Amino acid sequence: MAEKKYDWSAIAKNPKFVELHHKKTAFLFGWWIFSCVYYFLLPIGAAYTPGIFKVKIIGAVNFGYLFALSQFFVSWGLALYYAHVANKDFDRLTRELIDELHL
Amino acid sequence: MTMKKIIIAASLALSVAAVAFAEESKAPAGAPGGTPAASAPAASTTPAAPVMKVETAQPAGPAAAAPAAPKKKELKADRTITISMFAIIIGITMAVVVWAAKQTKSASDFYAAGGGITGTQNGWAIAGDYMSAASFLGISGLISLYGYDGFMYSVGWLVAYITVLLIVAEPCRNAGKYTLGDILSFRTSPKPVRAFAAISTVSVSTFYLTAQMVGAGKLMALLVGIPYKTSIIGVGILMVGYVVFGGMVATTWVQIIKAGLLMSGAFLLSFLVMMKAGFNPIGFFDQIVANPDIQDHVSKLVLKDGVILAGMDAGQRFLEPGLYLKNPLDQISLGMALVLGTAGMPHILMRFFTVPTAQAARKSVIIAMFIIGGFYVLTTLLGFGAAINLTPQGITAVDPGGNMATLMLAQQMGAEIAPVLGDLFLAFLCAVAFATILAVVSGLVLAASAAIAHDIYVNVIKDGHADQHEQVRAARITSFVVGACGIVIGIAAEKQNVAHLVALAFAVAASGNLPVVVLSLFWRKFNTAGVISGLVVGTVASIALVMVSPNMTYPKVEAAKAHKVVVAMEKKMASLAPGATLPEKDLKALEKARKDEKQDGTSIVGLDKPLFTLKNPGIVSIPLGFMAALLGALAFPSRRSEEMFDEVYVRQNTGLGMAKAVEH
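Protein chains in written order, with my numbering: chain Z, 1 to 103; chain A, 1001 to 1664.
These aren't lab readings, by the way, just hints derived from the structure by calculation. Worth double-checking, as some hints may not be accurate.
Stated by the list, open to error - Which bits of chain A does chain Z cover? Going by a derived footprint, with three or more residues having C-beta under 8 Å, they are:
1. 1283 to 1297
2. 1321 to 1331
Stated by the list, open to error - Mimicking EDC-like on lysine to aspartate or glutamate, the simulated pairs with C-alpha atoms at most 20 Å apart in a straight line are:
3. A:Lys1363 - Z:Glu100
4. Z:Lys5 - Z:Glu100
5. A:Lys1525 - A:Glu1643
6. Z:Lys16 - A:Asp1646
7. Z:Lys56 - A:Glu1647
8. Z:Lys13 - A:Glu1647
9. Z:Lys5 - A:Glu1647
10. Z:Lys5 - A:Asp1646
11. Z:Lys13 - Z:Glu100
This structure is a prediction, so every number in the text was calculated from the model and none was measured. Virtual Cβ for every residue (Gly too), placed ideally from N, Cα, C.
When you get a sec, could you build the whole thing from the sequences and use the hints?
So, in structure tokens, the structure goes:
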């Protein structure tokens, strides 16, 4: 194996890596928990607060329908937001880290 | 040596075991056509029966199992047009296979298309891999019969991809190679971990594959009148052909073609539906509420719960929750299995090894999310469109589960423009369903064979010492064997109730695979003992809970239900004026109920009634899987695993050292 040997634990202690790791962990798990909470509000809300779901908003369209539809837009929005942050921050930090290590 | 043989035997036995899990269907001999009960809501009981069983949702979705035999009306596609469309699809995909076969030289080509798939292509392929005939036909059918609940049911299938995007896609691309076993064995004892990972992959894939194969056979028989066995063998030969000769490249392109066809079909049909509604979404919903047939259908549905509704109120009720999904806990349990299970599905994980970088993996998930989500939003239009244009009564007359709603809608919408267009459009959608089945089963066969050939043969038996030529040969032979097993299981399971197998696949993936993948990537103290205990406990708990759940058939419970029908019918008969008789459908229901009433015995695990009341085990099995993985790792700490965490963690975050993972 002619590949380069990396000193993994040294990289793991590199301040750039630590910064990347902190930012990423906070973002990923934070937004993952948000998306789960938002999603589970749908079956829970439909089962335990049907009154709210029945409120008509526009014509025959009710809150429940708009809430279910919003799940799609929230998921898409979150995906695009993540792509934006990852391209801007995480990828940049990773590149800087690799440059710094002269790899 | 014996140890290795045991492992091979175990994984093969597990694939066959799917037949055992697919327990004997309750399909009553008296049912018209004798088709097994569908997973479809209400399809399992005759609609005429007063005690109508409304089942909670199965991810299987109705189309995965049999739409019940047509009774009053039939939907038959024009054979000549449909078969020629099938021939076109087979022709195109076979050309792809010939082209792909030339490119498939190394193991990396076979399992991961040499890492040469772009993010956009992979996004389409993920969508093609994921959307089964069940989501294509089943969910719009649910919406056409139960309105809001069908739509709510579809949401979880998209939200699941948030977990894939945020937690698994990029780390797996950076830390893995071809299989689940690669990710898990990085800092653990490779042999036992790979063996267990392979067993888990094979069992998840087989559960899912069995449901798909049986659904394929039933669908083809119903639509174009090809006999069940012929359909299974035909689909099986194509699937084996794609995978054995074209490997991942061909599988990817079959999935891309399918996703393209599916989206064009859905777009075209939605366009026609909206055109009819004058492109006015608010007016469209007003039409639903004001439709007298929908109002009548809903008032009958709620009457079963003892609620009286009529007119506009009944129409409005169609847009409110609770007509179909009646057990919130089961819903939440299913939601958990989807949100965590999708990210643990081996055939989905495998797709991330086909792209060159983590950025491409990220892009592919986002593209897949737009395709999948867009499809489910269009499904709403199709479902409600079918309810307005065909009436729920018309849909249930063809199939009580509503599985045929989309296809009927296509025929009608086309025919309203010109009669020949109706046949053409219907044939096109049948071809889409056909392509859908092929794409999903090919992905599953590839994932299962990768686990057996790469994890067990190359890395456990051969200690990783196998040259490229031998690896590819092993992969091809394994795919052939797995595909052949798929055909045999498909034929053997014809009369079985397979609906719960998809729920089971997601539950195993969520409770067994996902916890160990996440902990391997993110937790320093995780190790061999943790992987094995997590995989075993998560998998066994899911399977065991399904075995004692209401998914199984309990003859005594069935008999009690039938008894209620008999009592109700006899009461009705007694109240009739002298000389009058019950309508024919009531008499038939009574006759059937009298027969069913005599059933006795226990479920296949010897129970009189379900021990576990939910159909989806996730809410219990997922925490168990996580607990077992955590406790296993803490009970048997490993210094080596802890020391190697830095390497895994840096790799999965940065992609450093990945070139090795691709070439090696």
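Quick rundown of the hints versus the structure:
{"no.": "1", "hint": "1283 to 1297", "result": "holds (count 5)"}
{"no.": "2", "hint": "1321 to 1331", "result": "holds (count 5)"}
{"no.": "3", "hint": "A:Lys1363 - Z:Glu100", "result": "26 Å, violated"}
{"no.": "4", "hint": "Z:Lys5 - Z:Glu100", "result": "16 Å, holds"}
{"no.": "5", "hint": "A:Lys1525 - A:Glu1643", "result": "9 Å, holds"}
{"no.": "6", "hint": "Z:Lys16 - A:Asp1646", "result": "15 Å, holds"}
{"no.": "7", "hint": "Z:Lys56 - A:Glu1647", "result": "55 Å, violated"}
{"no.": "8", "hint": "Z:Lys13 - A:Glu1647", "result": "12 Å, holds"}
{"no.": "9", "hint": "Z:Lys5 - A:Glu1647", "result": "11 Å, holds"}
{"no.": "10", "hint": "Z:Lys5 - A:Asp1646", "result": "14 Å, holds"}
{"no.": "11", "hint": "Z:Lys13 - Z:Glu100", "result": "13 Å, holds"}
The earlier numbered hints that this structure contradicts are 3 and 7.
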